[in-house]
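Residues in the sequence shown are numbered from 109 upward in steps of one, following this note's numbering.
Treat the hints with care, as some may be off.
Computed beta-carbon distance windows for the label pairs [what the hints assert, rightly or not]: (1) Pro541 with Lys170: 26 to 32 Å; (2) Arg562 with Lys652: 24 to 30 Å; (3) Gly173 with Glu453: 17 to 23 Å; (4) Lys170 with Arg562: 53 to 59 Å; (5) Ser698 with Pro628: 35 to 41 Å; (6) Glu566 with Ala601: 28 to 34 Å; (7) Ala621 with Ala560: 20 to 26 Å; (8) Lys603 with Ala560: 35 to 41 Å; (9) Glu532 with Met109: 22 to 28 Å; (10) Asp633 with Ala560: 21 to 27 Å; (11) Val480 with Gly173: 35 to 41 Å.
Bear in mind the hints are in silico, worked out from the structure with no lab data behind them.
We treat Cβ as the ideally placed atom computed from N, Cα and C, and that holds for glycine.
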Amino acid sequence: MPVILGLDIGSTSITGAVFSGNQKKFRLIDFFNEEIPPAHTGEYSEDDDYVAPLSVSELLAKIIGERKLKDVDVVTAVDAKDCIMREISVPFTREEQIRKTVFFEAENYFTGFDLENTVLNHIKIGEEGDSSSLIVSALNYEEIEAHLGLLKEGSVDPVVVDLDTCALFNAYRASAVFDEEKTALVVDMGATSTKIVLVEGGELKKMRSCRLETGVSAAARRLLASSEIEEEASDKEAEPESAEGSAVDARLTELEDSLDIFENEETSPSGSMDELDSSTEEAGDGASTQDSTVEEADEEPPARDYQGMFPGETKEEFNYDDYLARIALEIQRSLAGVTQGSSIEVICLTGGMSRREEACAFFREEFDTDTVRLDLTGTFEMEPKCGSIDTINTQGAVAVGLGMAPFIEDSIGVDYRRGEFRYEHKFERLKTPLIAASLLFFLLFLQLTFWAFRDWKEENARLAGYKRLNRNIYHEFFGESLKGSDPVAAMNARKRTWKGRGTAAIPRFVDFAEALRSFPEAMKDSEIYFVVKSMDFSFEIKQKGSGKKSVDYYVQPARVEIEADTSSNAQVKLPKEFGGSKSIFNCKASLTGSRAEGKSSIPLELTIKKQVLDKYIK
Numbered sequence: 109m110p111v112i113l114g115l116d117i118g119s120t121s122i123t124g125a126v127f128s129g130n131q132k133k134f135r136l137i138d139f140f141n142e143e144i145p146p147a148h149t150g151e152y153s154e155d156d157d158y159v160a161p162l163s164v165s166e167l168l169a170k171i172i173g174e175r176k177l178k179d180v181d182v183v184t185a186v187d188a189k190d191c192i193m194r195e196i197s198v199p200f201t202r203e204e205q206i207r208k209t210v211f212f213e214a215e216n217y218f219t220g221f222d223l224e225n226t227v228l229n230h231i232k233i234g235e236e237g238d239s240s241s242l243i244v245s246a247l248n249y250e251e252i253e254a255h256l257g258l259l260k261e262g263s264v265d266p267v268v269v270d271l272d273t274c275a276l277f278n279a280y281r282a283s284a285v286f287d288e289e290k291t292a293l294v295v296d297m298g299a300t301s302t303k304i305v306l307v308e309g310g311e312l313k314k315m316r317s318c319r320l321e322t323g324v325s326a327a328a329r330r331l332l333a334s335s336e337i338e339e340e341a342s343d344k345e346a347e348p349e350s351a352e353g354s355a356v357d358a359r360l361t362e363l364e365d366s367l368d369i370f371e372n373e374e375t376s377p378s379g380s381m382d383e384l385d386s387s388t389e390e391a392g393d394g395a396s397t398q399d400s401t402v403e404e405a406d407e408e409p410p411a412r413d414y415q416g417m418f419p420g421e422t423k424e425e426f427n428y429d430d431y432l433a434r435i436a437l438e439i440q441r442s443l444a445g446v447t448q449g450s451s452i453e454v455i456c457l458t459g460g461m462s463r464r465e466e467a468c469a470f471f472r473e474e475f476d477t478d479t480v481r482l483d484l485t486g487t488f489e490m491e492p493k494c495g496s497i498d499t500i501n502t503q504g505a506v507a508v509g510l511g512m513a514p515f516i517e518d519s520i521g522v523d524y525r526r527g528e529f530r531y532e533h534k535f536e537r538l539k540t541p542l543i544a545a546s547l548l549f550f551l552l553f554l555q556l557t558f559w560a561f562r563d564w565k566e567e568n569a570r571l572a573g574y575k576r577l578n579r580n581i582y583h584e585f586f587g588e589s590l591k592g593s594d595p596v597a598a599m600n601a602r603k604r605t606w607k608g609r610g611t612a613a614i615p616r617f618v619d620f621a622e623a624l625r626s627f628p629e630a631m632k633d634s635e636i637y638f639v640v641k642s643m644d645f646s647f648e649i650k651q652k653g654s655g656k657k658s659v660d661y662y663v664q665p666a667r668v669e670i671e672a673d674t675s676s677n678a679q680v681k682l683p684k685e686f687g688g689s690k691s692i693f694n695c696k697a698s699l700t701g702s703r704a705e706g707k708s709s710i711p712l713e714l715t716i717k718k719q720v721l722d723k724y725i726k
């Protein structure tokens, strides 16, 4: 059975869902969510050498090796925020026509972009008359190269590179909270980006991903920067104080400028909606909170409780309410261009940032809409080692959606491994199974050949025995050796020479050809494998009595000795077969034959049936 690894590489963790099975039945056989070590979490060795934490590619290679996933098919995804997406309409409904013309149709919607250096994919989201509505995504070559390069360093060559929002839709549609009759908004709350998927009538209608920095990553970078500054300062203790101060001040100024740019980075939405500016002022209190944090970097930030959201990360001031408010703003923007925006009936939350209790309550109150969490319970069978379903619900939606897609007939998705990025190792993956199948076929062919040769040899031996028997019968009956190779033809020729003579001196005989045909037919129907050891046939019709006494006729019984398996019960079966309507003989089998090594020598006495004899004497 095929094994598929759905691999989701996020900004803070690597998540994988391993599925095995087929379209009728599949199961989750492994699941992992490994935190990517922050850059500042390195350690010092006994020799006081700094040991940097594992990089993303190193961590990925470690996971693949430890979990023995090197030979499985990997399906991964790029973040939708790295794509350019547009909703377009084409005057076709057939997939073949759409595929041939979508590039030229998209040129009218992607003005200002170099589509020649992108991989274009599309998803049909509706039909109206002879037209189709599509979501077209364009991913730059550099983004694909970077993604595949990172995976290659981690010893992974994915067969498919999908879009994470498509995987999110597949996971939701397979979940226990999916309701085809309800218009739903699926929100994946991540550490650096939020994915929004609109589902209507059970079908994908809109999808979008926007950048929302939680501040945690920035805190890690600030700590690393401060450590490097301290090390630099300690190395220059022998230098004049003025020089030291100027170097440190210059470095701090550079870092503060960089962080200001990072913290004030505009939200970069992508998707099929109209692009809207997301400036710092529009972000509201959330952006201002981040700005104030940067400005006060020289002061020690107060310790805040993250409630376990980011174990091992540096704690810094983070306003969760502001984060939720920014997501709400992005949802409103996403629904602004949707006429059905006011009819959202349920909001489904997932992602690591959705674990806090405030999340559901906030969106329920903000949008006056039923809000639930993604629930994959009962969607598939799970191995015990996969861990808690709650972890899978919050951390594994994209990975599960990627891993399940090949096993779900109506799943949606795209593949950026096209053109120069196409997957080229399909045969190598099939090479071992093909070799095994070929070897198995060859062994089966040899076995069948052996059986056929054995049967042919046995049949030839049996045929040769019949030929010898016919020659012996001919010689005994006619008193001369058979001339030619066909005893039946020779007997018929002798029969024709007797017909029409009309002389009583010529004896009457039972038709030898009929007798010869009747004997093997009866023996064949018995389904007993036998060997004829001897045969004595005499078919001359003789008369008993004369004159006034009643005249009777008889034929001397033929005697045949055969050899058969002791277990065949031939003494009982053969008389029954000869007594049937097909045979001209009655048969008696003697029980006095010899036995040796599981074989029985069985004497048979064959007498012509009376109704057969009557045909020859009338």
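Results for each hint:
1. Distance hint check: the CB atoms of Pro541 and Lys170 are about 28 Å apart, consistent with the given range 26 to 32 Å.
2. Between Arg562 and Lys652 the beta carbon distance is about 51 Å. The supplied range of 24 to 30 Å is therefore violated.
3. The hinted window of 17 to 23 Å between Gly173 and Glu453 is violated, with their beta carbons roughly 46 Å apart.
4. Taken as a hint, the range 53 to 59 Å holds for the pair Lys170 and Arg562, whose Cβ atoms sit roughly 56 Å apart.
5. With their beta carbons about 20 Å apart, Ser698 and Pro628 fall outside the hinted range of 35 to 41 Å.
6. In this structure, Glu566 and Ala601 meet the distance hint of 28 to 34 Å, their C-beta atoms being roughly 32 Å apart.
7. A beta carbon spacing of about 32 Å between Ala621 and Ala560 contradicts the range 20 to 26 Å that was offered as a hint.
8. At about 39 Å, the beta-carbon gap between Lys603 and Ala560 stays in the expected band of 35 to 41 Å.
9. Between Glu532 and Met109 the beta carbons are some 24 Å apart, a value that agrees with the proposed interval 22 to 28 Å.
10. Taken as a hint, the range 21 to 27 Å holds for the pair Asp633 and Ala560, whose Cβ atoms sit roughly 25 Å apart.
11. At roughly 38 Å, the beta-carbon separation of Val480 and Gly173 lies within the given 35 to 41 Å, and the hint holds.
Checked against the numbered hints above, the structure breaks hints 2, 3, 5, 7 and satisfies the rest.
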